[in-house]
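Quick mapping for you: the protein sequence lines, in order, are chains A and B. Residue numbers for the first sequence, in the working numbering: 1 to 124. Residue numbers for the second sequence, in the working numbering: 1 to 437.
Some hints could be false.
Claimed, not checked - Here are some chain A residues the structure puts well away from chain B; computed CB gaps all over 12 Å: (1) I18; (2) I24; (3) K52; (4) E75; (5) S106.
Claimed, not checked - Restricting the straight-line Cα-Cα distance to at most 25 Å, the calculated cross-link-like pairs of lysine to any residue (SDA-like) are: (6) B/K279 / A/V79; (7) B/K37 / B/E56; (8) A/K17 / A/T77; (9) A/K63 / B/T288; (10) B/K357 / B/K389; (11) B/K223 / A/E75; (12) B/K273 / A/V79; (13) B/K152 / B/L190; (14) A/K63 / B/L300; (15) B/K410 / B/S422; (16) B/K289 / A/K52; (17) B/K223 / A/E88; (18) A/K102 / B/K357; (19) A/K82 / A/F3; (20) B/K279 / A/E88; (21) B/K275 / A/E110; (22) B/K279 / A/G47; (23) B/K428 / B/S335; (24) B/K245 / B/P372; (25) B/K410 / B/S360; (26) A/K52 / A/E75; (27) B/K149 / A/K17; (28) B/K150 / A/A54; (29) B/K279 / A/F40; (30) A/K52 / A/E110; (31) B/K351 / B/G340.
Please keep in mind that the hints were generated in silico from the structure rather than gathered at the bench. Cβ coordinates follow ideal geometry from the N, Cα and C atoms, glycine included.
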Amino acid sequence: MEFPNDLKYQATHEWVKIEGDIAIVGISDHAQDQLGEIVFVELPSVGDSLEKGAVGANVESSKAVGEVVAPVSGEVTEVNEKLEDEPEIVNSSPYGDGWIFKIKMSNPSEADSLLDAAGYQATL
Amino acid sequence: MDFVPHDEETIKNMLEKIGVENIDSLYVDIPNNLKIKDLNIPEGLTEADLLKKLTELSEKNKIYTSAFLGAGSYYHYIPSLVDFVISQSQFFTAYTPYQAEVSQGMLQSIYEYQSAISRITEMDVTNASMYDCASALAEAATMAFFITKKRKVLLIEGIHPEYVETVQTYCWGRNIETKIISLDDLENNLNDEIAGVLIQSPNFFGEIENISHVAKIIRSKTKKCILIQAMSDPTCLGKLTPPGKNDVDIFVSEGMGNKPSFGGPNLGILSVKEKYMRKMPGRLIGLTKEINGDKEGYILTLQAREQHIRREKALSNICSNQALSMVAALIYLVSLGKTGLKEVAIQNFQKAHHVKKALSQISSYSIINNKPTYNEFVVKCPNVDKLIKKCKENDILPPLRLSNYFPNRKDEILVCVTELNSDESIKKFLQIAKEAI
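With the rest of the complex left out, here is chain B:
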């Protein structure tokens, strides 16, 4: 499908039609002092000069051969098929189709994505994707408000600090109160004024929460409070109980098939129980049949609640999706298949537990987590600075200093081990740990 910009004549016709002299007069409402006169943009470069400049810039990147950093963005092996498929020009756009139904192939890919995510999460309905996990979680919190009409949500400690900030920002705009509590205090904080409970599992510290137990507490204490689960690395769904089996109302996640590259671009996954489908933000693609025939076709469905129709009464300001990242996630899942995803999950679990155990056996190192973990865990170290420095010297992207987010946890690091950490890199990392005392 071609995207042709307006030519001079079309612009002239449109201006004549609405009775306006020139484009500038469309902006007369903007005070002159707010209009930008000159943009400080340098002259264009030749292709050769541009390539040289970009290459110089990219050479400033430090690319490590192995990484022990996760904290919301994870290195996983991405089959070559993913890049091959998403590089097809028909898919290679970051945008959702706006003249949707003429882009049947794109719509089919979204439909297949929705179906694939619904299968691995065992949730009823998945939308066409959001921006990332943080914004999907914030949208889920506002959804809880739309469903229950209550203006308070509880955040269980252990949610990624950046997700928490995003949720607080969205909720502030909607006049929804947020309260951060420990899981132990959940029961005491629950009542029928609570719109939703937000919990991350595996949480920021890598711990797998007992979601079905949380669901039971919520159901026993409230009539319609919404249980929202966030998950940073959905590869664990290859092995962990899917949210649909744990009575989760709204599930959000991100990643899969997309590279960490500074944390993005990514996609936000949002899946819900069927009864909440109509409060779900974003796009949804459906499969339908011709009225007078058997031909199948894909359509944008349930869009009447979106902002291009409902304006300020829309449930959300999202009217797009992360098309390219979404296709990547779909092809990733399709490449791995059911057994492949399970294998990824098992490898992450086993490798991470091997490192966790080995670290715990080094004197003056200890594991902080007291719940089961997936591919991340928190370690108390004798000398964090030295460890981080030595990692970098040895071409290892070091684990996260927990003090980046929690200033008083100076001695702790968040270690992530995935299937991409080779035995060699693990040996090297453990050796560094022994020396960094």
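Only chain A is shown next, with the shape it has when bound in the complex:
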């Protein structure tokens, strides 16, 4: 199981990639593995404004539904529409093509309190 070092993590199993003032959000390898085959991803709408800690998306497998909690506050600028037809990409490429949504951060300092790869792994 992989936990790339260039990403930040939340104990609720989201990963975040910071690119300037944009935060790209997905779920960790561990989370996709625990959920099993993902059959549906409920995406937020572009333009939605999310507070840190709010539910941004739902990831559904045949036996469970996982919530994707916004790791930072801001406005949703892009969602991964490919997941509407091919949700299983989250399983096959959780850190790559399986990203879920992008947030334009309103308070970039919130990212400082996120976990690094080692810190996240310690919570598992």
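Take the given structure of chain A and dock chain B to it, following the hints.
What follows is chain B alone, placed relative to chain A:
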């Protein structure tokens, strides 16, 4: 499938496993003053005594030979096949299967029901059924909130007053505002803060609303407002334009194949457009194939959003269906077939219009509806009390006094005529109307 209750030993094992002494100690959290000590339940009766008592009770029922009462619950001819099939012990349970996949036959019946309803409504997806039309409509209103995240729904006048109450109760719990408006005011009340518009057609007064026109207004004024249509008597689908053709987002109904018996038990029908499938409450049965084979099987699908998994985050508290009433609806539809349902609809329409016209020709009677009607209509009468009394004396279950729901409409009655009203009963009813002046 057998349902075996726990025996003493199993109970003992379970208690030991969780480290609890006896069953009572599972309830220590409940204050003593709230616990019921003695239930005032009489001693058991012998079978013979019980039958005698129940027979005495049932003899208090007044059974009329003909009925002109509808108002949400309709007398229709139910083919004998329906009772025969639902009386099979494999079907004869009010419950949805909880260990679902071992009950393949039950699941297949639900799957066939879903398919049959989707066909007559021309809606994409139908769930395994809800409790009744009122609760299905309330669930549809909350669905509109989940889809749009907006907290206000509009109710168009003409929805059954009891459905309105149910919707208001559910919405109150979800913190969703409800507003009742006339259809003429719809355009002025629409904006992007509205989650959904609820309309009944045929409405409580029997009138067929122009649903496709309502849909056009909603689409032109809002981005994603949900159009919800309720229908009390779905036999009209044999002839009227199905909701799927009118751009309806969520359709709810009840009845079909079930007896009115004091208004229930019944089933709630809930059908939606495919894009809203994942916001739909209740169970859904799917057809699938083995991974390593060709065998088909039925499964409970999309259940991850239900409350046994999602707990307080579930979309609804329903995790059941109306199994027996649902099978009755399915067998009813299958017995009638496409032509049979059409015939029922035509007979209802024609008989009701015959009575409507005849009543309008009696002096001092007038028809209140100014829109087309199906099998119900509102009549202004010279003497409602006398009419109702005379109906009862003549073994006719009288029409509804509209003042039961609308106190200031004292002179009006809601008359329902179905295929079960014989020519003879119609003649008798019209004669009574002439005399009740």
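ask   = Where does the structure disagree with the numbered hints, that is, which hint numbers, in rising order?
value = 7, 15, 16, 17, 18, 21, 23 and 27
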